[in-house]
Every structure is written in C-alpha cells, then in structure tokens.
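Q: One-letter residues, chain by chain:
2 protein chains.
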Amino acid sequence: MKVLVIGANGQIGKMFVDKLKESEHDPIAMVRKEEQAKALEDNGVKTVLGDLEKDFSHAFEGVEAVVFTAGSGAHTGADKTILIDQEGAMESIDLAKKHAIRHFVMVSGMGVENPRAVEGKMRPYLHAKFRADAHLEQSGVPYTILRPGLLTNDDGKGSVNLYEYKGDVQYGEVPREDVASVLMEIIGSKAENRLYYLIEGDTPVAEVI
Amino acid sequence: MKVLVIGANGQIGKMFVDKLKESEHDPIAMVRKEEQAKALEDNGVKTVLGDLEKDFSHAFEGVEAVVFTAGSGAHTGADKTILIDQEGAMESIDLAKKHAIRHFVMVSGMGVENPRAVEGKMRPYLHAKFRADAHLEQSGVPYTILRPGLLTNDDGKGSVNLYEYKGDVQYGEVPREDVASVLMEIIGSKAENRLYYLIEGDTPVAEVI
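Protein chains in written order, with our numbering: chain A, 1 to 209; chain B, 1 to 209.
Do not rely on the hints blindly, as some may be mistaken.
Same chains, same names: a pair is fine if it fits in one copy or spans any two.
Distance condition first, Cα-Cα at most 30 Å in a straight line; then the derived DSS-like pairs of lysine-lysine [said to hold, decoys possible]: (1) LYS97 x LYS166; (2) LYS21 x LYS38; (3) LYS98 x LYS46; (4) LYS121 x LYS33; (5) LYS54 x LYS121; (6) LYS121 x LYS97; (7) LYS98 x LYS121; (8) LYS33 x LYS21; (9) LYS54 x LYS166; (10) LYS121 x LYS2; (11) LYS121 x LYS21.
If you are wondering where the hints come from, they were derived from the structure by calculation, not from laboratory data.
Start from the sequences, fold in the hints, and give me the full structure.
A: So, in structure tokens, the structure goes:
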C-alpha cells in the first residue's frame with residue numbers, strides 16, 4: 001500500500017517511515033523543506049514537499065493510506081496550533097475524502113477527550129486536536145484514531161497496552177518507538193473506525209489488533 | 001422573548017442590549033465581571049455572570065433565544081482565539097441545543113468563508129470563526145449567521161445591504177450601530193437557518209428581513 005506520512009520529519013514520523021520502508025508497504029514522506037526531503041531520499045525514502053498551511057493536495061495523488069503525525073510542537077504559538085494541528089489535519093481529512101483514501105490514521109493524544117478538564121497552555125492544543133479527531137469521525141473516511149499517553153524516548157519494549165475508548169482513560173507513558181510499531185500494526189489492518197488509547201503494557205505489539 | 005446576549009460588554013453587544021431593552025424583548029446580558037454586571041444593572045438590564053472558558057450553562061436557564069457577539073479581541077493571543085471565538089461559541093451552541101433554544105444568532109465576519117485565502121494574523125481567527133459557524137449549521141439549533149463587513153464606529157444610517165450568501169461576497173464597511181439594528185430585525189423574525197452578509201447600503205433596516 002502507498003502510505004502518505006504527514007509529519008514524516010517528526011520523531012514518531014521518522015521511526016514510522018523507517019519501519020514502513022522495511023515492510024511490504026511503500027511510504028511517501030511529506031516534509032516541508034528541501035533539506036528534509038534530501039536526507040530522506042538519501043536514505044531511500046520517497047518524499048513529497050508539502051506545507052500544511054498551503055495547498056498540499058498534490059501529495060495525495062496515487063495514495064491509498066494516510067498517517068497524520070504532524071504537530072506544531074511545543075515551541076510555537078497557538079496560531080500554529082490552529083493552522084497545523086487543527087486546520088492542517090482537517091484539510092488532510094478533506095483531501096483524503098476527495099481521493100477516496102482507504103485508511104486515515106490520526107495520531108492524537110491523551111487528554112483530547114476532555115480539553116475543558118485542563119487548565120493552562122495545553123488546553124488550546126487539546127481543543128484543536130479534539131476538533132480534528134471529531135472531523136475525521138464525521139468525515140466518512142475509514143479511520144483509526146490513536147491516542148498515545150505521555151511520549152518518552154525510551155527504547156521500545158515491543159509490548160504495549162492498546163485499548164479501545166469506552167469513556168474511561170487509563171493514563172500512562174509509552175515510548176515513541178512503540179507508537180511507531182503500533183502504527184505499523186494499524187496500517188497493516190483494515191480501517192474499522194476505531195478510537196484507541198495506547199500506554200505501556202504487556203501485550204506483544206504483533207497481537208494488539 | 002428572553003434573549004441571552006453573550007458578549008454583552010462588547011461594542012455591538014452594548015448597543016444591541018440597549019435596543020433590546022427598549023423593545024418587547026427581554027435581554028439577559030452575560031458578562032464576565034462583577035463591575036460590568038453592575039454597570040448594566042444600574043442601567044436597568046438583567047445580567048448573568050458567565051465566563052466562556054468555564055462552565056456557563058446556568059446562563060441558559062429560561063432563555064428562548066441567544067445572540068453570540070463575544071470575541072477575544074485583537075489584543076489577545078491565538079490561545080484566546082481558540083478558547084473564546086471557537087470553543088466558547090461551540091459550547092454555547094451545544095448548550096443552546098440542550099436547552100432547546102428557538103433561535104441562535106451568531107455574529108460572524110466577512111472572510112470567514114475562506115480563511116485559506118488570507119495570510120497573516122487574521123487567518124487563525126477566520127479559521128476559528130468558520131469552525132464555529134459550521135458547528136452551528138450542523139447543530140440542529142435554529143439559527144441565523146450574520147457576517148458583517150469591516151466594522152466602523154460611524155453613526156448608524158438606518159439603511160444597509162443585507163444579502164444571503166450564495167458563494168459570492170461583496171466586501172464593504174458597516175457601522176456597528178447598523179449591525180445592532182439588523183440584529184433586532186433578526187431576533188424579531190423566525191429562525192430560518194440563513195447565512196447573511198451585511199454591508200452599508202440603501203435598504204431601510206426595517207425592510208431587510
């Protein structure tokens with residue numbers, strides 16, 4: 001499957017693209033800058049230049065699945081939260097619909113289920129992610145939403161706790177590498193319009209779906 | 001009709017509340033601060049304290065119509081654009097639905113129809129307003145959306161150009177006082193789920209609806 005990875009230069013994005021490259025799937029890494037593209041191409045990865053704040057519809061040509069793991073990051077203002085985390089994601093979903101994408105995988109986050117419970121700087125971000133997730137759920141595009149817990153740079157354990165959302169959230173941490181591995185399992189399975197939470201745990205990644 | 005005015009301390013909000021008070025309708029001015037409430041109460045207006053960033057569901061008790069004219073203003077950051085212009089509005093719509101409100105009037109703005117056409121600081125605001133308007137359109141709450149042109153502090157002319165959106169937008173200015181007068185006409189008519197644009201023009205306000 002041709003998989004467009006939006007946010008391929010992010011920490012999870014890089015790990016995920018590396019795993020995709022070694023699989024039967026065919027990653028297309030969307031990045032914003034020429035130098036990011038060059039580094040990926042040197043590593044044998046197909047790339048496409050695309051900026052979420054501009055027209056990036058060309059990136060969807062011939063694509064069968066999309067993984068959205070872009071984020072404005074902690075060091076930019078709330079304007080970028082709107083432009084990237086919310087609107088970049090929602091535009092990606094609209095483009096996925098236009099291009100009849102078979103599986104849209106959204107990397108979301110814990111806490112997104114209830115932004116009003118949170119005070120402080122995180123809250124606008126959680127609102128933006130909530131709106132993007134809701135847009136996907138209502139879009140008609142086959143999807144999986146993945147809400148990992150607090151991300152760490154620990155080595156992946158190869159085992160996790162992936163559970164479907166039923167109104168309760170169990171908080172926890174999870175290494176980015178395990179998130180990338182779970183994304184591989186998700187992209188290898190049929191989209192069934194599910195909303196998952198992910199924390200560390202004891203289930204082997206190969207058995208979570 | 002009991003009309004909850006959200007953003008009653010704003011420039012349009014104040015003018016509109018004054019007009020409502022002189023009509024057969026019964027304004028309830030929602031404001032954030034005690035001193036704002038006191039000034040309004042001294043002027044004979046019923047008030048309710050409510051903060052769009054917190055729980056303000058109490059403000060909807062016994063209310064039949066809602067006019068949302070709140071805004072975070074030009075002097076705050078994009079975090080407030082999310083918290084007030086987008087999420088405050090969307091929460092108001094959800095509460096209106098819960099309370100079976102008969103008419104929700106949203107004061108929106110010109111340019112909201114296509115935020116991606118705009119560069120710079122206005123764009124996050126236009127995105128946020130677009131999402132709020134779309135939420136209202138999809139809510140099932142009977143509504144009117146009003147998108148005035150560039151607001152001026154000129155005296156009202158008593159005549160305007162109010163037109164329904166059919167995909168084309170005619171840009172222009174409009175005095176805030178005329179916006180408040182048009183809101184009176186809207187609140188005096190049945191909600192018919194319409195999206196209007198408003199600029200200066202020659203149609204007497206009393207004849208626009």
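Q: Against each hint, give a clear statement of whether it holds in the structure.
A: Hints and how they fare:
{"no.": "1", "hint": "LYS97 x LYS166", "verdict": "both (26 Å within a copy, 24 Å between copies)"}
{"no.": "2", "hint": "LYS21 x LYS38", "verdict": "within (16 Å within a copy, 66 Å between copies)"}
{"no.": "3", "hint": "LYS98 x LYS46", "verdict": "within (23 Å within a copy, 50 Å between copies)"}
{"no.": "4", "hint": "LYS121 x LYS33", "verdict": "both (28 Å within a copy, 23 Å between copies)"}
{"no.": "5", "hint": "LYS54 x LYS121", "verdict": "both (26 Å within a copy, 15 Å between copies)"}
{"no.": "6", "hint": "LYS121 x LYS97", "verdict": "between (32 Å within a copy, 29 Å between copies)"}
{"no.": "7", "hint": "LYS98 x LYS121", "verdict": "between (34 Å within a copy, 29 Å between copies)"}
{"no.": "8", "hint": "LYS33 x LYS21", "verdict": "within (20 Å within a copy, 57 Å between copies)"}
{"no.": "9", "hint": "LYS54 x LYS166", "verdict": "between (36 Å within a copy, 25 Å between copies)"}
{"no.": "10", "hint": "LYS121 x LYS2", "verdict": "neither (37 Å within a copy, 36 Å between copies)"}
{"no.": "11", "hint": "LYS121 x LYS21", "verdict": "neither (36 Å within a copy, 39 Å between copies)"}
Of the numbered hints stated above, those contradicted by the structure are hints 10 and 11, listed in ascending order.
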